[in-house]
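Put together the whole structure using the sequences plus the hints.
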Amino acid sequence: MKRNVVLGLLGTTLDAGFGPNRWSRWRPSVALCQHEDFLVHRFELMIQKRHLKMAKALVADIHSVSPETDVRLHEVEFSDPWDFQEVYAALHDFARGYTFNTDDHDYLVHITTGTHVAQICLFLLTESRHLPAKLLQTSPPRRSQQGPLQDQSGHYSVIDLDLSKYDGIASRFRKEHQEAVSMLKSGIETRNARFNQLIERIERVAIVSRAPVLLMGPTGAGKSQLARRIFELKKARRQIDGPFVEVNCATVRGDGAMSTLFGHKKGAFTGATSDRPGLLKAANKGILFLDEIGELGLDEQAMLLRALEEKVFLPLGADTETGSDFMLIAGTNRDLSSAVQTGRFRDDLLARINLWTFHLPGLRDRLEDIEPNVHYELEKISASLGARVTFNKEAREAFLSFTTSPDATWAGNFRDLNSAIERMATLASGGRISVEIVDEELQRLRRQWALPTAAAAGTGGELVAEILGEDRAAELDRFDRVQLADVLQVCRSARSLSEAGRILFAETRKKKLLANDADRLRKYLARFGLEWNGVRSS
Numbered sequence: 053m054k055r056n057v058v059l060g061l062l063g064t065t066l067d068a069g070f071g072p073n074r075w076s077r078w079r080p081s082v083a084l085c086q087h088e089d090f091l092v093h094r095f096e097l098m099i100q101k102r103h104l105k106m107a108k109a110l111v112a113d114i115h116s117v118s119p120e121t122d123v124r125l126h127e128v129e130f131s132d133p134w135d136f137q138e139v140y141a142a143l144h145d146f147a148r149g150y151t152f153n154t155d156d157h158d159y160l161v162h163i164t165t166g167t168h169v170a171q172i173c174l175f176l177l178t179e180s181r182h183l184p185a186k187l188l189q190t191s192p193p194r195r196s197q198q199g200p201l202q203d204q205s206g207h208y209s210v211i212d213l214d215l216s217k218y219d220g221i222a223s224r225f226r227k228e229h230q231e232a233v234s235m236l237k238s239g240i241e242t243r244n245a246r247f248n249q250l251i252e253r254i255e256r257v258a259i260v261s262r263a264p265v266l267l268m269g270p271t272g273a274g275k276s277q278l279a280r281r282i283f284e285l286k287k288a289r290r291q292i293d294g295p296f297v298e299v300n301c302a303t304v305r306g307d308g309a310m311s312t313l314f315g316h317k318k319g320a321f322t323g324a325t326s327d328r329p330g331l332l333k334a335a336n337k338g339i340l341f342l343d344e345i346g347e348l349g350l351d352e353q354a355m356l357l358r359a360l361e362e363k364v365f366l367p368l369g370a371d372t373e374t375g376s377d378f379m380l381i382a383g384t385n386r387d388l389s390s391a392v393q394t395g396r397f398r399d400d401l402l403a404r405i406n407l408w409t410f411h412l413p414g415l416r417d418r419l420e421d422i423e424p425n426v427h428y429e430l431e432k433i434s435a436s437l438g439a440r441v442t443f444n445k446e447a448r449e450a451f452l453s454f455t456t457s458p459d460a461t462w463a464g465n466f467r468d469l470n471s472a473i474e475r476m477a478t479l480a481s482g483g484r485i486s487v488e489i490v491d492e493e494l495q496r497l498r499r500q501w502a503l504p505t506a507a508a509a510g511t512g513g514e515l516v517a518e519i520l521g522e523d524r525a526a527e528l529d530r531f532d533r534v535q536l537a538d539v540l541q542v543c544r545s546a547r548s549l550s551e552a553g554r555i556l557f558a559e560t561r562k563k564k565l566l567a568n569d570a571d572r573l574r575k576y577l578a579r580f581g582l583e584w585n586g587v588r589s590s
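53 is the number of the first residue of the sequence shown in the working numbering; add one for each residue after it.
The set of hints was computed from the structure by calculation and includes no laboratory data. Quick reminder that beta carbons are idealized off the backbone N, C-alpha and C, glycines included. Do not take every clue at face value.
Computed beta-carbon distance windows for the label pairs [to be verified]: (1) Q230 with P193: 35 to 45 Å; (2) R280 with K363: 19 to 29 Å; (3) P329 with L437: 37 to 47 Å; (4) E127 with H157: 17 to 27 Å; (5) R289 with Q535: 45 to 55 Å; (6) R246 with S276: 12 to 22 Å; (7) A68 with E373: 23 to 33 Å; (8) P193 with A68: 11 to 21 Å; (9) H168 with L407: 29 to 39 Å; (10) R289 with T394: 31 to 41 Å; (11) T560 with L407: 46 to 56 Å.
List time: in silico DSBU-like cross-link candidates among lysine-lysine, alpha-carbon distance up to 35 Å [to be verified]: (12) K286 with K317; (13) K432 with K227; (14) K287 with K186; (15) K333 with K286; (16) K287 with K333; (17) K287 with K227; (18) K227 with K101; (19) K186 with K286; (20) K363 with K317; (21) K363 with K337; (22) K287 with K101; (23) K337 with K287; (24) K333 with K363.
Pasting the structure below:
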């Protein structure tokens with residue numbers, strides 16, 4: 053049977069006592085050795101040299117109530133018992149120098165004596181397993197239980213920090229974890245295994261780290277919504293005090309970008325009639341979400357890098373730096389590594405924000421999640437309309453069948469789905485979406501995905517601008533923009549380079565004995581500096 057070994061500090065207030073009156077009050081270290089159902093075989097008592105006289109008197113009293121207890125004194129010196137660093141260092145040295153024999157002994161750390169600082173240090177050392185022990189807590193007897201002299205044993209409890217042995221505590225942690233994951237998913241019971249694993253990982257990172265997070269994925273995949281959910285999670289855990297500040301970097305390009313992000317002083321430039329703090333300053337103690345970070349200019353990228361590393365930046369026209377301590381979440385639908393190769397993105401900034409990178413899949417890669425998202429969007433729209441909206445059975449089956457078919461490319465991802473649900477819910481007479489309403493919406497979606505809009509055609513297509521960037525897209529002739537937009541759309545919906553090539557060159561390949569459609573498509577993309585993987589992951 054293992055022997056009980058207690059490690060504790062001399063309580064210079066609670067354990068003190070000389071003369072016969074000392075037995076009329078509760079003294080933790082003595083009381084611990086008075087329990088008939090708990091034998092302390094050895095008591096490793098940590099003391100300071102200046103309290104040696106008190107310690108020897110305490111040892112004598114312990115022997116008088118428990119002759120079986122072997123009390124050993126250990127000098128542990130610190131000048132200020134309320135200095136955390138000093139106390140922790142001294143107790144840490146004791147733990148490292150002590151020889152533990154866990155095969156033959158059960159070790160218990162008595163955390164009732166000593167200053168609160170010392171008790172916290174003992175807890176931390178036990179939790180980290182520097183002290184391979186359980187915690188032991190004692191308390192005095194209630195007044196109604198106090199008996200004659202020398203009957204001041206009180207109560208004791210043993211706390212094992214192995215939480216696996218505490219089902220109630222473990223289940224509470226599991227519940228908190230599940231609630232956090234559900235919050236990140238907006239309460240949607242998603243079914244896609246890859247996406248669920250991704251959210252699990254984001255939850256682990258979000259609750260312990262303030263390092264930058266990079267969210268990658270196609271337009272409409274939910275990057276902005278997820279960033280806000282991360283903010284709400286950290287706010288609920290009281291890990292941040294500031295606001296959520298969101299900015300689409302594509303809207304702050306040009307001369308006003310510096311002022312918008314970093315602020316300016318009055319008179320810094322023509323029209324600067326007053327000071328402006330800037331969005332980085334506004335996000336102090338909170339989260340700054342920079343969506344489409346790949347659209348930032350190189351000068352802004354350099355300023356952002358310094359703000360991330362040193363927590364300071366220089367507003368336009370200012371002589372002194374200003375500070376802001378924010379957490380950065382960045383979003384992009386581009387391959388930033390390719391942007392670094394072409395000189396459009398700084399490699400040092402990418403290295404700084406690439407610590408935690410998460411790739412959000414598009415809706416086409418999460419077909420099993422369409423049904424729960426349809427339910428979620430209907431609930432949300434019903435709340436905004438003030439009336440419950442539902443599908444009838446046939447209409448629901450027709451819509452869900454289409455959403456998972458090859459015809460549903462979901463080019464705009466969740467934006468397309470959300471818009472479709474809102475249109476159908478708005479048109480639903482009496483709150484019921486009919487087959488006729490679904491058929492009308494499906495025709496609309498087919499037209500939307502099959503042909504570029506007039507506005508998109510005038511600029512070369514949103515998809516071209518998304519992948520090449522607005523500057524490079526604007527340099528293309530209209531002929532090339534329209535052709536490239538169609539090619540990119542096919543690439544997005546195809547499962548492989550070869551499949552895309554077969555679709556694009558379906559007629560000419562019939563006239564060739566040996567058709568190499570994949571190589572032909574690869575060479576076409578190369579004309580614009582594009583690769584198959586880059587087109588698919590953008």
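Does the structure keep K287 and K333 at a Cα separation of 35 Å or less? 18 Å, holds
Take a quick look at whether K186 and K286 sit within 35 Å of each other, Cα to Cα. 32 Å, holds
Check the hint pairing K337 with K287 against an upper bound of 35 Å on the C-alpha distance. Judged against 35 Å, a Cα distance of about 11 Å means the pair holds.
Straight-line Cα separation of K432 and K227 no greater than 35 Å? The given pair, whose Cα atoms are some 25 Å apart, holds under the 35 Å limit.
Pair hint K227 and K101, alpha-carbon separation not exceeding 35 Å: 48 Å, violated
Hinted pair K333 and K286, Cα distance within 35 Å: It holds: about 19 Å lies between the C-alpha atoms, which stays within 35 Å.
Can you confirm whether the C-alpha distance between K333 and K363 stays at or below 35 Å? With Cα atoms ~10 Å apart, K333 and K363 stay inside 35 Å; holds.
Against the 35 Å threshold, does the CA-CA distance of K287 and K186 hold or violate the hint? 33 Å, holds
Hinted pair K287 and K227, Cα distance within 35 Å: Cα-Cα ~18 Å, so holds.
The hint says 35 to 45 Å between Q230 and P193; measuring C-beta to C-beta, is that right? 42 Å, holds
Hinted pair, alpha-carbon criterion (35 Å max): K287, K101. Please report holds or violated. Measuring from Cα to Cα gives roughly 47 Å; hence the hint is violated.
Does the Cβ-Cβ separation between P193 and A68 fall within 11 to 21 Å? At roughly 19 Å between Cβ atoms, A68 and P193 fall inside 11 to 21 Å, so the hint holds.
Hint violations for this structure: numbers 7, 18 and 22, all remaining hints satisfied.
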